[in-house]
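For this one, chain B is given, so just place chain D on it according to the hints.
Each chain, written out:
Protein chains: 2
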Amino acid sequence: MAETTRFLLPESAIPTRWYNIVADLPMPPPAVLHPGTKQPVGPADLAPLFPMEIIKQEVATERFIDIPDEVLDVYRLWRPTPLHRARRFEEALGLPADVRIFYKYEGVSPAGSHKPNTAVPQAYYAKQEGVKRLATETGAGQWGSALALASSLFGLELKVYMVKISFAQKPYRRAMMETWGAQCVASPSNETAAGRAILERDPDSNGSLGIAISEAVEDAATRDDTKYALGSVLNHVLMHQTVIGQEAVEQMQMADAFPDVVVGCVGGGSNFAGLAFPFIQEKLAGKTMRVVAAEPAACPTLTRGVYAYDFGDTAQLTPLVKMHTLGHGFVPAGIHAGGLRYHGAAPLVSLLKAEEVIEAAAVKQTAAFESAVLFARSEGILPAPEASHAIRVAMDEARAAQAAGEPRTILFGLSGHGHFDLAAYDAYLSGSLQDYEHPQTEIEAALAGLPSVAE
Amino acid sequence: MAETTRFLLPESAIPTRWYNIVADLPMPPPAVLHPGTKQPVGPADLAPLFPMEIIKQEVATERFIDIPDEVLDVYRLWRPTPLHRARRFEEALGLPADVRIFYKYEGVSPAGSHKPNTAVPQAYYAKQEGVKRLATETGAGQWGSALALASSLFGLELKVYMVKISFAQKPYRRAMMETWGAQCVASPSNETAAGRAILERDPDSNGSLGIAISEAVEDAATRDDTKYALGSVLNHVLMHQTVIGQEAVEQMQMADAFPDVVVGCVGGGSNFAGLAFPFIQEKLAGKTMRVVAAEPAACPTLTRGVYAYDFGDTAQLTPLVKMHTLGHGFVPAGIHAGGLRYHGAAPLVSLLKAEEVIEAAAVKQTAAFESAVLFARSEGILPAPEASHAIRVAMDEARAAQAAGEPRTILFGLSGHGHFDLAAYDAYLSGSLQDYEHPQTEIEAALAGLPSVAE
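As given, the protein sequences belong to chains B and D, one line each in that order.
Residue 38 in my numbering sits at position 43 of the first sequence, with consecutive numbering throughout.
Residue 94 in my numbering sits at position 99 of the second sequence, with consecutive numbering throughout.
Here chain B stands alone, though its shape is the one from the complex (with noise of 0.2 angstroms):
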């Protein structure tokens, strides 16, 4: 019988404890500014918007926190998610028997991705504190899915902004919600002033993340019975995540082996911090690695875009916060891999890149799609566009170590299937599929916008 490909853990393995990785940095993370009076925020600043414990994970100094007994419940559902030794992947590429490739896969969760790792917690606390009402944004639809799905195991109300153009392109991802009892409506709308002034000008907008996650934090901020919940870029997201990472290294000593590199997709960066962080830990404690973040070349946040303090959302609702951004204005170009979409990155991520702890690389997203296709063909898993980044990136790794003769472990992270993205698959098959790059005076134009921060 051939050797183990895939390694599980017990139930018994799902990690108790949340790993923060600010307890590990060399420097304090930058604070977050008032929109207004760039001041630092405070715990009274974010009280309208999200449960006290979730501001009091945000601003965290210890190493660990400990996971609700009521939150392992559910991650049982799912966890501990499977690793497997990609060896149909590696026969594939033809590669030698001293390049392998790993990938923790979080496709098994019943939302299809890792974003229920944090919506569970979110909503737990937000139940927790008595909170009647959840409002979001979504994209692609992964988080407001993973969302929808944890206020039905609440019990809570769910309200999600969806950008209209995915509400009209994906309305599976909205009866999906609806089926978890969410209740979902294509932004910008009515609903909100954020909403109705962008329909003043544009009624025939096709929305943004930007533009709903105002309408989201607009309808926390206005309704005493409602919370905000964000699927990325914040600490506590990032925190939540970090099951997978603790997952990932006990399964790579099952099998015997340490990452050379590695690599997960950025879009806001909770999927790339909650596999890399536990090994990054390692990392700053002295082991040799590499990590790498998989961006889209079409919103090339960490490749092209600057350091620097920005707002989370289009209409300037949010606190600022400092992070590699592209604008806070940026509409990236409308990318099949819908989750990566998005202006700017996870402070704590772009703080690492900023510090050369983590590297970065931009993938077209036909080199993507045709790494998934072929993974699809060799591992039998049809991945999510997002992920396929990670995978393209996995795969010119193992080429580079290849042509260098070298021996290299890559783990990479499968962050979500794809069952919900085939007419990507469809149009990639049938040759319609599109690359684009932003031109350099785009990006300037709109990194002219970035608000004034003295420093």
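There's no promise every hint is true.
Copies of the same chain look alike in the list, so a pair counts if it fits in one copy or across any two.
[As the list claims (entries may be wrong)] Taking lysine to aspartate or glutamate pairs in the DMTMM-like style, the calculated list, with each CA pair at most 25 angstroms apart, reads:
#1 Lys122 - Glu450
#2 Lys33 - Asp220
#3 Lys359 - Glu173
#4 Lys359 - Asp220
#5 Lys122 - Glu(-2)
#6 Lys127 - Glu86
#7 Lys122 - Glu86
#8 Lys122 - Glu152
Hints in this document: simulated from the structure, not taken from any laboratory.
Here the structure is a predicted model, which means the values were calculated and not measured.
Then chain D, alone, in the frame of chain B:
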């Protein structure tokens, strides 16, 4: 911490043998007859269609057949599958502590259903015997997807004849098959004599599973490089699926429980058989338990059909098998559980029904979706419409036990997820889903077309 609700087996617990219920039946199954001569068919009659190892398995009488290592290597990509205690669903139903519901979940396979359990060995044996290409039919797309996956892993070409109405309604299923490298065509097609004959009579034909089977069988019978593969009904297909039930027997032991009732949905019958046969082995050996086949009220093969010899397809190309049937000319109403829309049921399942070893229950689709939504909102997993019929029967069993004040342990098969069926959920949630029951006169008219066979 709460009790365990998800029972996971280690990779080493994947069954290494398929269970062949024929060895334990009180009588041998009725012979399969040649459609022309109406005499029992021999291996030579089936050789143009199936690999020889498959033909051997179809008529095998030994209790266990070893699973090849190469097949186990692929099973290992997702097996063993989890068995869950439906704790949250029980709570949502308000059940007492001694009425318990368990489910075995097959939706974790890359194709999202139980179908790869047989697609993989069928592709493997074909490859072993030098076959270059497979032909098959698919209705809703689960089987076509599973065989596309398996063909991709073993390097076989695949042609899928997909029922035209589904081809149009489910472009994403087609794209999934194409991503795995299969060629997919709407049936009836111009590529076979059977298809052309239908199109000549009715150019706008929506197709049916019976027609698509005729096309795929003709394709395989007329090409030297091609064999046919069927996703249900036949003995070997049911046997391949017994990995489900063998795992479930062990997992119920882990849960320190034995089911009083086992429930599975039945279209052709392979999912039902896969879960139930290893339990029926214990029932036939004297264990007290009930086994219930859940079928759609709109295609009531086991509850309103007759037990008689009939063709498997519309064009009367297949051998005659003795089964519960509504007549090969019966056209089931267009319900959303496409995988259950078949005029017959597997001969082995039919025999067990005729011998009263198993029971059958018919479920209306609105009742199925009602329980599916309740299940999704409590357990998180979004069920396939097919599996929702089993959920409904399990729920009704639980409520009956509660009403009678009796303890009851119920196990049902959750054969797949509903990620490709969200249009159906949308229809249900918006109130536009209709129930349909065929009038008795219609069923009698179809049954009048049964072939006459001297028994």
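Results for each hint:
Proximity of Lys122 and Glu450 under a CA criterion of 25 angstroms is satisfied in neither setting, with 38 angstroms inside one chain copy and 66 angstroms between copies. When the C-alpha separation of Lys33 and Asp220 is checked against a cutoff of 25 angstroms, the pair qualifies neither within a copy, at 28 angstroms, nor between copies, at 72 angstroms. Taking identical chains as interchangeable, the C-alpha atoms of Lys359 and Glu173 lie at most 25 angstroms apart only when they sit on different chains, with a minimum of 22 angstroms there against 33 angstroms within one chain. In the homo-oligomer, the alpha carbons of Lys359 and Asp220 never lie at most 25 angstroms apart, since the shortest distance is 43 angstroms inside one protomer and 39 angstroms across protomers.
Taking the shortest Cα distances, Lys122 and Glu(-2) sit within 25 angstroms of each other only across copies (22 angstroms), while inside one copy they are farther apart (45 angstroms). In the homo-oligomer, the alpha carbons of Lys127 and Glu86 lie at most 25 angstroms apart only across protomers (20 angstroms), although the nearest pairing inside one protomer, at 52 angstroms, exceeds that limit. Taking the shortest Cα distances, Lys122 and Glu86 sit within 25 angstroms of each other only across copies (18 angstroms), while inside one copy they are farther apart (48 angstroms). In this homomeric assembly, Lys122 and Glu152 come within 25 angstroms of each other (Cα to Cα) only inside a single copy, at 10 angstroms, whereas the closest approach across copies is 52 angstroms.
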